[in-house]
Structure formats: structure tokens, C-alpha cells
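Protein chains: 2
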Amino acid sequence: MTFTTERLTRLRRRLQRRGLDAMLVTQPENRRYLSGFTATDHGINESSGVLLIPAAGRPLLLTDGRYRLQAEEEAPDFEVLVYPRGLFPLLRRLFNTLKPRRLAFESHYLLHSVYGRLAKLAADKGVELVAFTELVEEQRLVKSSAELELIEEAVRLNEKVFAQAYRQLRPGISEQETAWLIEDTMRRSGAQGPSFPTIVAAGPNGAKPHAVPTARKIKAGEPVIIDMGLQIEGYCSDMTRTVVLGEPDDKTLGLLRLVRRAQLAGQEALRAGVSGRHVDQMARRVIAGAGYGDYFDHSLGHGVGLNVHEGPTLSYRNRKKLRPGMVVTIEPGVYLPGWGGVRLENMAVVTPEGCRILNQDTTFLNV
Amino acid sequence: MTFTTERLTRLRRRLQRRGLDAMLVTQPENRRYLSGFTATDHGINESSGVLLIPAAGRPLLLTDGRYRLQAEEEAPDFEVLVYPRGLFPLLRRLFNTLKPRRLAFESHYLLHSVYGRLAKLAADKGVELVAFTELVEEQRLVKSSAELELIEEAVRLNEKVFAQAYRQLRPGISEQETAWLIEDTMRRSGAQGPSFPTIVAAGPNGAKPHAVPTARKIKAGEPVIIDMGLQIEGYCSDMTRTVVLGEPDDKTLGLLRLVRRAQLAGQEALRAGVSGRHVDQMARRVIAGAGYGDYFDHSLGHGVGLNVHEGPTLSYRNRKKLRPGMVVTIEPGVYLPGWGGVRLENMAVVTPEGCRILNQDTTFLNV
Chain A
104 MTFTTERLTR LRRRLQRRGL DAMLVTQPEN RRYLSGFTAT DHGINESSGV
154 LLIPAAGRPL LLTDGRYRLQ AEEEAPDFEV LVYPRGLFPL LRRLFNTLKP
204 RRLAFESHYL LHSVYGRLAK LAADKGVELV AFTELVEEQR LVKSSAELEL
254 IEEAVRLNEK VFAQAYRQLR PGISEQETAW LIEDTMRRSG AQGPSFPTIV
304 AAGPNGAKPH AVPTARKIKA GEPVIIDMGL QIEGYCSDMT RTVVLGEPDD
354 KTLGLLRLVR RAQLAGQEAL RAGVSGRHVD QMARRVIAGA GYGDYFDHSL
404 GHGVGLNVHE GPTLSYRNRK KLRPGMVVTI EPGVYLPGWG GVRLENMAVV
454 TPEGCRILNQ DTTFLNV
Chain B
104 MTFTTERLTR LRRRLQRRGL DAMLVTQPEN RRYLSGFTAT DHGINESSGV
154 LLIPAAGRPL LLTDGRYRLQ AEEEAPDFEV LVYPRGLFPL LRRLFNTLKP
204 RRLAFESHYL LHSVYGRLAK LAADKGVELV AFTELVEEQR LVKSSAELEL
254 IEEAVRLNEK VFAQAYRQLR PGISEQETAW LIEDTMRRSG AQGPSFPTIV
304 AAGPNGAKPH AVPTARKIKA GEPVIIDMGL QIEGYCSDMT RTVVLGEPDD
354 KTLGLLRLVR RAQLAGQEAL RAGVSGRHVD QMARRVIAGA GYGDYFDHSL
404 GHGVGLNVHE GPTLSYRNRK KLRPGMVVTI EPGVYLPGWG GVRLENMAVV
454 TPEGCRILNQ DTTFLNV
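Residue numbers (my numbering), protein chains in the order written: chain A, 104 to 470; chain B, 104 to 470.
To be clear, the hints were calculated from the coordinates, so they are not data collected in a lab. It cannot be assumed that every hint is accurate.
Stated by the list, open to error - Covered by chain A, per the in silico footprint, the following chain B stretches (three or more residues, Cβ under 8 Å):
#, region
1, 138-147
2, 154-166
3, 170-176
As the structure is a computational prediction, the values presented were derived from the model and not from experiment. Here a beta-carbon is modelled for each residue, glycine too, at the ideal position from N, C-alpha and C.
Okay, chain A solo, but in the shape it has when bound (with noise of 0.2 Å):
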């Protein structure tokens, strides 16, 4: 048995409870969790495989000629078909055999375009589509104990990079090599790679809280967002820290502080029961009320998996109760044009009383 067969047992199940026949998985991580073939896609236009799941019987792996070995070695639960001439002409041979009346698909990760010969499709042979949006990934938001192992190791793996990477850094680096420098150290360090492109922002581009690295040389006494993630088998870390190269003035101080309380704010209200809209508001609050609400534009936090991004997310949105299990970042905010930005990230999994934190370091954050 491998860690993909109870998944697939719980998939099934559900499938049969909702009266669906078969399964489309069409999102990456959705695939490589199911079915453990790790390929990833480049862009949605680009897909490595799709998996076609039967609610009983054996689960197809359907991918190109290029992956065929890759996917055979990953995937043993799977029967890999290889399509020489596109999805479609495969799938149209499957519903022949397979006979699906109603095919749940996801309908968050198929275009419109290809919907469109979906349907069609599935029109000429009588199958009914059901569109789900996250089907597998309500499986995915509660982590098993091997899943909170590697994501505990890749925070503690970002940790000990940040810390070592931070040690080289001298006010005159610029952005880009102070990204690439974290990025390296990654890789040196047994990293599979980045979770998404290191965020390092200086100053006044700190106030672009989703900065690319530019070629801006660091500034001693300015705030600096380094916001960072990397992957170990599929499984992501983010953590983000707001350092000063030499002495920090007393606004960033202040603001530093302002952040850290709104986290631990959050950290605080995060618990199993109640929901991310609560979380986020408890954090909020606290911005709000030293007059900067308006300089936190963007949610709490969110889910972190196979994504770097899932759910749950911490925001007004998200009314539903959190769960013990689930991995949710906490990453308060405040940026102000002109002059520039403070976050502070960790990540903590859900717990019956309250959250366990997952980072460790504290560079910056007992101001």
C-alpha cells in the first residue's frame, strides 16, 4: 500500500456518496497528491497528466509520451495511458469503456476552452458533467501527521537558510542578489526550490507588498521585506521577516512593534472553532486601532500545502470553522507609499486549544 491508496479510498467514497461515477483531476497538486506523480505544469496551458478516477476500479494516470517512466515509477496505484495525439481522442476512447453517467471535474482549474470540448464530448456519449471546485482540495486542508513532518521540516529548513543568508547581508547589496543569495543558500541546503519567487524590498519598494527584486542597493537604517518559501516534496514554507541592515529609526520601530502585536494578535484568536474571518479580524484590530487600517490591504493569512497558496484562508471571506490540522500563515501588514512596508510571517497548524507555531526565529520580532 502507498500514502496515495487511503487517499484515493476517501475520494472514492465521496465520489459514491454524491453519485458521481468518475473524476477529472485536472489541478497539479490535486494530481500529485492522489496520485503521487510529481510533474509540475508549466502554466495551466501546459499540463503534464490529468487523472481519470472511477468511483470503482482502477484510477487512470492520463499523460504525454515525455512522462510516460516518470509517471509509471511515481504513481504505482495507477494504470498510466499515454495519449500520442492530445487528451480528448483518449478520453473519448475511455467514456466508450468506462461509461460515466455524471463525471464530477474541477471547475477552478479546466478553461473555458477546454471545457468547451469537454462538453462536447460528453454531450455525443451521454455524460453528465457535475462541476466541483474544490472537491479534493476539502481533502487536502487537514494534514496528516507525514505531511505536518515535511512541512516542519521545510520551515525549519527556511529558517536555518534565512538565518545563514541574512548573515551575509551588508547595507549596498542590492535586492536581486540578496533574493538570489537566499535562493542559492536553498538549493545548498537540500531545498527541492523555492515555493515562489523570493520577495526582497527595500525602502520605498517595501510599500509593494508583492515586489519583484530590483537592482536597488540596500539602504542601512531601512526596512527590508524578505519574504520567502521553499519546497520538500511538494510541501511549502513561507515566512516573511522585516530586517534593518544598522540601526532602525524610531517610525520603523513603531511600526514593527504594530505589526508584531497585530500578530500575535492573530496567533492568539487562532484556534480549532472558530473562523478565519475572526482570526483575521482580531489581527486587524489591532492595526485599525493604532490609525493604519487602511495600510493593511490584504487578508491574514492563508492555507499552505502542496500550494504555497490553499486554504484555509485567514479573511473576512472565510466563515468557515477552522479545524485542527490545518497549516495557516499569519502575516500582518503595513505598507505605506512613498516610504515603505513591515510584514511579519509564521506558520502555525491548528490545534483543539489554540495553534502551535511552526518558526522558531525571532530576528526582528522582539522589538
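Dock chain B against chain A, hints included.
Only chain B this time, still in chain A's reference frame:
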């Protein structure tokens, strides 16, 4: 006038000719091409903004607060509007004022789930949605001289990086270390970053055309496929060399010669007025003639520009005539399960009489 003004004017004329009142642009490279806004998206579920371009009137860039400053700096032809509560409430307001009757959208870069919301809004407001799959892509097929310069610059830098990294390779270095060395050299050389994750596939791993670099150490004498690309101001290069550290054996040499002959046949056939299918056939015939037809199971090449994979494709699917100013790869390969693979890839710009090969590097080509 910025470089986007002329592109917008052309698009508007094309919208008017088709009786369209506006276009919603969701594809990130189309967004960059038309606006200058360089933000990249972390997957299709995390858009950093969309364009709403009326056939007449000021074009709009809709983004969230995190990108406001960057969008305003980079897209001066556009009015930047921020959606604090997601795209759809803002679109609803804009439909009220712009009152488009027929709205083009990008069917190949809009999720089925998002289309569902758009269709509902459109029905509410009496807007007819018209699906397109390559309206902007068609405009991007033929490169301007400014675009060609950037692409050539990317190819030149790619070769410099390859040559520099290649000199440092010795038997015993792993595939991963080789890939990192290449990407590190890229960055130190001023590239914006890789245009796709570098492929290094040694020995049997080379039988997987899209292999991910592993910890496997490269042995003397075995073929190593190195497929790499970088970006300069968004424009991509893409180049593959198959190298041998030490002396290649006769089988490797024979396959290198065969693949090189197929490449030369493709380059010979490439010119304005012939189809992508024809060029693919001319190269494929060489490999099939030697009895390896079943082991070349991908298309001969693809267009390159702001996307590392874009139109036109050199494959049996493409019966359209190639035009001067198109940029394509020519990349035949032979992949033998259990043994390994050989692939050679150059980039070329189509000219009226033939093509101009953008590559100078001949490492292991003239065997």
C-alpha cells in the same frame, strides 16, 4: 507615446472590425504586451490584474491594492483601478458605466468557474460574451524589431551563460548542481531569471524529455541533455545542447549526428510561406528514415516571445503559413527508454527567403 500605444491602437481597430465594444484581457503575457505592466501571476488562480480595453476610450487596468503603485508606474497608457473586494464588484460598476454590448474574453485563459461568474454578471447587464482563444496572441506572433532585439539579446546571453557553466562541468557533478550552476550564472550575468526550470538529464534520465534534475551524478561518456532558457525584459530564450563529459561512444555519436541532421533539415525547410507542419515533417523524416521515428514523440518546435512556449507551433497540427518575423525553436530529439536521449535546440527568426538562426554556439553540434 509609449511602446504600448501602437499595440493598443491595432487591437482597438481589430475589436471594431469584429463589432466588439471591449475586451477583457486575463492572460498575463497579453496583459504585459498591451500595458507594460510586468507583474507575473503565481498561477492562474492568483491574478495580479486584468485589462478592460474599450474599442473606443481609455483602457483600464484592474488590479488589487498590492500592485497599485507598480501598475501606475509601468502602464501609463492605462487608468489603474483597484478592486478592494475582488474583481467582480468592480466589473459590475464598470459595466454600468461603459455599457458594453459585446465583450470579448480570453477563453483559453479564463477558468470555467470564473467564466460562470462572468456569464452571470453579463446576463444581468445585457452584455454578450464572445469567446476568443488567440486574439492578442495573433498580434504577438510576428515580432517587432524592438522585440527581436530583446530576443536576440536573450539568446546571446543564454549562450554566454551556457559556455561559462559548461567549462566548469566535470564527471561527478550532479544534474541538480549543474542546473543550479547554470541558473546562478544566468543571474550573475544580468538575466531577469530562467524562462523555465533548467533541465539537466544525464544517462537514462535523458529518456524523459521533461526530466526534473535529480541528485544523480553525471558519469563520463554518457549523453547529458541540457535545456535552458532565460528572460530579458520578459522576452525568452530557449536552447538545448546534448553534451558528453569525456569521450562519447559510437551510439551517442551516431544519435547526435542523426539529430543534428534532422535539425539542419528543419532549418533548411523553415521559411515564410510554408506551414509549421511542413517544417516538422522535413526534420521528422530524417529521424524516421534512420528507424527512430517512434522515439521522437514531441513536435519539432514552438514559437518564443514573452512566453517561452507560444505560437506558431512546428507540428503536424499547424497547417498555417509561417510569416517573416516569427520566432521559433527547432528541436528534434531521440529518446530511448533505459538508455537516454539526445536533443538539440536552436532558435530562428523566419525571413522571406528562409530563416536566420539566432544561435552561434556549436557545442557538440558539428560532430
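A quick look at each hint next to the structure:
With a cut-off of 8 Å between beta carbons, the region 138-147 of chain B has 6 residues touching chain A; three or more are needed, and the interface restraint holds. Counting residues of the region 154-166 of chain B whose CB falls under 8 Å from any CB of chain A gives 0; the rule of at least 3 is not met. Beta-carbon proximity to chain A at under 8 Å applies to 3 residues in the region 170-176 of chain B; the threshold of 3 is reached and the given coverage holds.
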